[in-house]
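Chemist: Note that the protein sequences, when read in sequence, are chains R and A.
Counting in the UniProt record's numbering, the first sequence runs without a single skipped number right up to 984 at its last residue.
Counting in the UniProt record's numbering, the second sequence runs without a single skipped number right up to 58 at its last residue.
Keep in mind the hints are simulated off the structure, nothing from the lab.
In this text the structure is predicted, and so the values were computed from the model without any measurement.
It is possible that part of the hints are untrue.
What the hints assert, rightly or not - Which residues of chain R face chain A? A partial, calculated answer using Cβ under 8 angstroms:
hint, residue
1, Leu227
2, Pro278
3, Val481
Ideal placement from N, C-alpha and C gives every residue a C-beta, glycine not left out.
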Amino acid sequence: MTYSVGELILIACSYLLFLFLVAWITERGWLPARLVRHPMVYVFSLGVYASAWAIYGTVGYAYQYGYNFLSFFLGISGVFLLAPILLAPILRLTTTYQLSSLADLFAFRYRSRLAGMLTTLMMLAGMLPLLALQLKAVAESIQVLSGAENARTLAFWFCLLMVLFAILFGARHTTAREKHEGLVIAIATESLIKLLAFVGVALFGLYGVFDGPGSMGNWLEDHPEMLSRLYYPLQDGSWHSMIMAFFVSAVVMPHMFYMAFTENLNPRALITASWALPLMFLVMALCIPVILWSAAASNAPTPPDYYSLGIGMVTGGGGALLGYLAGLAGASGMLIVATLALSGMCLNHLVLPASPLHQGTNLYRNLLWTRRVLIAAILALAYLFYRMIGTEHSLVELGVLSFVATLQFVPGLIGALFWPSGNRNGLFAGMLVGFVLWLLALMIPITWPQWRFLPLMDLIGIRFQTGASQWQHVAIVSVTVNALVYAIVSIVTPMSRSERNAAEACAVDSLRRPYRWSLQAQSVEDFINALAQPLGPVTARREVDMALRDLRLDHRETRPYALRRLRDQLETNLSGLLGPSVAHQLVDDHLPYRPEEEQQSSEDIRFIESRLEQYRDRLSGLAAELDSLRRFHRQTLLELPMGVISLGADNEVIGWNLAIEALTGISAEDTIGSRLDTLPSPWGELFSRFSQQDDAHLPQHSVEVDGQSRWLSLHKSEIAASTGEQAGGQVLVIEDVTELRHMEAHLAHNERLASIGRLAAGVAHEIGNPVTAIACLTQNLDGEQDEQELQTASRQIMEQTRRITRIVESLVTFSHSGGLSQALHSPVNVRDTVAEAISLLQLDPDHRQQPFDNDCLAEHWVQGDAQRLLQVFINLLGNAADASEQQQPVRISSDRHERGIDIRVEDQGHGIPEELRDALFEPFVTSKAPGRGTGLGLALVYSIIEDHRGSILVESPIHDNHGTRFVITLPIADVHTPAQEITP
Amino acid sequence: MYTDRLLIIFIIGAYLLSPAIIDWWSEGGRAWYRPYLIWLGLIALSYWVARSRDTDDL
Numbered sequence: 001m002t003y004s005v006g007e008l009i010l011i012a013c014s015y016l017l018f019l020f021l022v023a024w025i026t027e028r029g030w031l032p033a034r035l036v037r038h039p040m041v042y043v044f045s046l047g048v049y050a051s052a053w054a055i056y057g058t059v060g061y062a063y064q065y066g067y068n069f070l071s072f073f074l075g076i077s078g079v080f081l082l083a084p085i086l087l088a089p090i091l092r093l094t095t096t097y098q099l100s101s102l103a104d105l106f107a108f109r110y111r112s113r114l115a116g117m118l119t120t121l122m123m124l125a126g127m128l129p130l131l132a133l134q135l136k137a138v139a140e141s142i143q144v145l146s147g148a149e150n151a152r153t154l155a156f157w158f159c160l161l162m163v164l165f166a167i168l169f170g171a172r173h174t175t176a177r178e179k180h181e182g183l184v185i186a187i188a189t190e191s192l193i194k195l196l197a198f199v200g201v202a203l204f205g206l207y208g209v210f211d212g213p214g215s216m217g218n219w220l221e222d223h224p225e226m227l228s229r230l231y232y233p234l235q236d237g238s239w240h241s242m243i244m245a246f247f248v249s250a251v252v253m254p255h256m257f258y259m260a261f262t263e264n265l266n267p268r269a270l271i272t273a274s275w276a277l278p279l280m281f282l283v284m285a286l287c288i289p290v291i292l293w294s295a296a297a298s299n300a301p302t303p304p305d306y307y308s309l310g311i312g313m314v315t316g317g318g319g320a321l322l323g324y325l326a327g328l329a330g331a332s333g334m335l336i337v338a339t340l341a342l343s344g345m346c347l348n349h350l351v352l353p354a355s356p357l358h359q360g361t362n363l364y365r366n367l368l369w370t371r372r373v374l375i376a377a378i379l380a381l382a383y384l385f386y387r388m389i390g391t392e393h394s395l396v397e398l399g400v401l402s403f404v405a406t407l408q409f410v411p412g413l414i415g416a417l418f419w420p421s422g423n424r425n426g427l428f429a430g431m432l433v434g435f436v437l438w439l440l441a442l443m444i445p446i447t448w449p450q451w452r453f454l455p456l457m458d459l460i461g462i463r464f465q466t467g468a469s470q471w472q473h474v475a476i477v478s479v480t481v482n483a484l485v486y487a488i489v490s491i492v493t494p495m496s497r498s499e500r501n502a503a504e505a506c507a508v509d510s511l512r513r514p515y516r517w518s519l520q521a522q523s524v525e526d527f528i529n530a531l532a533q534p535l536g537p538v539t540a541r542r543e544v545d546m547a548l549r550d551l552r553l554d555h556r557e558t559r560p561y562a563l564r565r566l567r568d569q570l571e572t573n574l575s576g577l578l579g580p581s582v583a584h585q586l587v588d589d590h591l592p593y594r595p596e597e598e599q600q601s602s603e604d605i606r607f608i609e610s611r612l613e614q615y616r617d618r619l620s621g622l623a624a625e626l627d628s629l630r631r632f633h634r635q636t637l638l639e640l641p642m643g644v645i646s647l648g649a650d651n652e653v654i655g656w657n658l659a660i661e662a663l664t665g666i667s668a669e670d671t672i673g674s675r676l677d678t679l680p681s682p683w684g685e686l687f688s689r690f691s692q693q694d695d696a697h698l699p700q701h702s703v704e705v706d707g708q709s710r711w712l713s714l715h716k717s718e719i720a721a722s723t724g725e726q727a728g729g730q731v732l733v734i735e736d737v738t739e740l741r742h743m744e745a746h747l748a749h750n751e752r753l754a755s756i757g758r759l760a761a762g763v764a765h766e767i768g769n770p771v772t773a774i775a776c777l778t779q780n781l782d783g784e785q786d787e788q789e790l791q792t793a794s795r796q797i798m799e800q801t802r803r804i805t806r807i808v809e810s811l812v813t814f815s816h817s818g819g820l821s822q823a824l825h826s827p828v829n830v831r832d833t834v835a836e837a838i839s840l841l842q843l844d845p846d847h848r849q850q851p852f853d854n855d856c857l858a859e860h861w862v863q864g865d866a867q868r869l870l871q872v873f874i875n876l877l878g879n880a881a882d883a884s885e886q887q888q889p890v891r892i893s894s895d896r897h898e899r900g901i902d903i904r905v906e907d908q909g910h911g912i913p914e915e916l917r918d919a920l921f922e923p924f925v926t927s928k929a930p931g932r933g934t935g936l937g938l939a940l941v942y943s944i945i946e947d948h949r950g951s952i953l954v955e956s957p958i959h960d961n962h963g964t965r966f967v968i969t970l971p972i973a974d975v976h977t978p979a980q981e982i983t984p
Numbered sequence: 001m002y003t004d005r006l007l008i009i010f011i012i013g014a015y016l017l018s019p020a021i022i023d024w025w026s027e028g029g030r031a032w033y034r035p036y037l038i039w040l041g042l043i044a045l046s047y048w049v050a051r052s053r054d055t056d057d058l
């Protein structure tokens, strides 16, 4: 049964239009997202691997090499069975760094434009036979079915059709950032159609040629040579190497790389693909022996490559069309995807590096058109190759040419993932040697049999082999030599720092260790201006906006950490647009780091931490234990009830714990990566001033927060530069002592009330005298008529009243002093303050007779709060008077020296019992009888003196087992300076 | 670390078992579908691993 060429071309056009319709519907969003992102869509889209080679070529392969055909399917199944181990790292890399092809990956990993360029050129050369195979298969299938004479013309028209559809499917967007959902769904549909049609062909054979499986079994019994032909190749040792060849080439083939990684819509679908894709290929592989035997049994009138068509031609009933459709689907899917992938590689690694970016707003359009031209050029090259090699080569020969070529990338890929010491020199040397071997021992002898390099063939022992049969040998030799050269050259040649960084970024189970270098650009606007030069202002702004959106950052961002992330994101995004080499060069040139910073840079701890969080589930063994330890320490620091701020050497905040978050109300997210002085007021100024001061402690510093005073004690410690790249820094500990301060104030208030209570009797007495005087004067006034006398009495009454007022005022002032209001430090005259304390004490009847010798010098001024210092002296003098016998004087003297003014309070009393001396300044410690003292006085004195940044010492006994001396040292006041708030 | 170990075990296991598997396979005679059974077994194993795997790994 034959078909006309017109009918077959119409079927091809209708099929492609249907696929385009599917893609178009998807892109319009008419298909539910759940379906589009369903893992099975990804699995079917990977079916692009089964090109026309799988539909036609593998049947011919099975005919020629028996069970070896299974290696084609087992290879890719093996890769996907191990997907979580082998493919997930590549997917992570390609997604993280926007790498859309193997050339991108190599250029990124080996930090070399040349690596991308070489990979692209070699991939292009290596893939030409496989692309030509597709054109040949479709053209010849039309020829087989229609009997048309000129397959080349058919191939030409099919090639044109492919140019059109490849552009329609994949070259409507520019950047790899946008996934082509339409393309993915169309390729998945294509695979489904291909699978159904291929199974249909096998069923035609099974039930059309035979009468079912039983009948086929009987036929096989009658034809044991068919089975032994299938088993025979298992006896030679090439089977392993073939599986390995297909195993690895399945990943590096550009169309597979593109569908598996670049167009991956759902990363978790890789897990589903690990069992579903092998299942799909199992079904296809199961059909091949059935098709082979059916064709043999029915004497199909076609070469073995086209048995899939031959069965239908014998049985009729549309079986041949099914075979044609399966082949067409396989060929068109592979051509579209491979051309798109190759065009992206050529654009990023051949065109863009060669032509400088033209400034302007139409960058995206230029890229799109360049890509379209490249698609047409690649397909034209494939057609030219097809024309050049003639028609006598089988599909098998063309297929193996490509498979062995792609094997040359495998050592480089394995090195990229698993061997951080592999370098670009090794890659170049290995790939070139492998490629030259492939070219001389396989490509040239097969395509141009008259050109043979006999010495080389002698050397690798393939002199007497011909055609594709030598490919297994060449595959093993070339890839082994490639790997050896790669390893040896990598070991003996040095590696640059940027290449080492990239190698660590790519290596499985390793973390990239970025450095905290400062950028020259200090704001988002600087970024836009810097990029406007190469990209044009509109594109630059768009790219920066996009990167900011990706990172969820704001336009006002100035934090060094955030700007470094922005730079990385821009490089990643531009890599999706222009390829990693161009993007890296562009970002390096226009967004450079400050050169002077490089030497003192330290590792970006924050970034490493966030990476570790992502990698958590993948750590095991020692690494997992170390990570648990890290978490424990980190959590300890986070939960510490004191605020902790870690600073880098450049004053960049790298740690900000929960307590400091609660204290300042600023979240770690907003702070980390900022410089300390950029924090909001009052924190920025306070912390940065403290971090720069010499003194490592700042006790009880008052800060106004939301209209309320808070007291903080600040401490700091230098982090010494440890080994490695860490450049040291500081850790600040901030203690909120507001509560303590409130408690102290409360205690002080109680103490004052107690003092007032003790003074009350004296006060009554003091007030009693003037009141008596007033009473007498008033009585005398009764009968007094003399104006002069009246005025004198009135003046005396006023005087007595003023005396009362003075007593009351000094009491009221004393009882209200020392609250939590903002303390004012001003020059305080020591002698006057001591005198006031004495006069207050002498209100107390117990102390009225107590002699106090105020020997303080009038020119001694200390810096402090007069009211609180008054409290200090009242407490100390009161204690001294309590300890002294009647008439034993208490002496107060002052002395000036470099560090401050010493004020001595000495008594001749019984001294302090030895057991109390060490705990003297602790609350509730007293030597007085119960009911006489609260034990809070000296604690309060200590606290006030500490607040004044002074010191207090006690000596007891001072003479012959009696006497006590308190020495207070306070800072000297400059009497010319006005009062100021407490400052360090 | 963990993944490398798994890979090494798999490769060594496959290498050690392959002669036995190939022998069993090539003695199949009419049971030409033997390799498919092994293949199916591997798929079932992979399905079971995928089901029990924490997909957050990706």
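Chemist: None of the hints should be skipped; say for each whether it holds.
Modeler: Now for the hints, and whether the structure bears them out:
1. Leu227: holds (6 angstroms)
2. Pro278: holds (5 angstroms)
3. Val481: Hint violated; Val481/R Cβ to chain A Cβ min 21 angstroms, cut 8 angstroms.
This entry does not satisfy hint 3, going by the numbered hints stated previously; all others are met.
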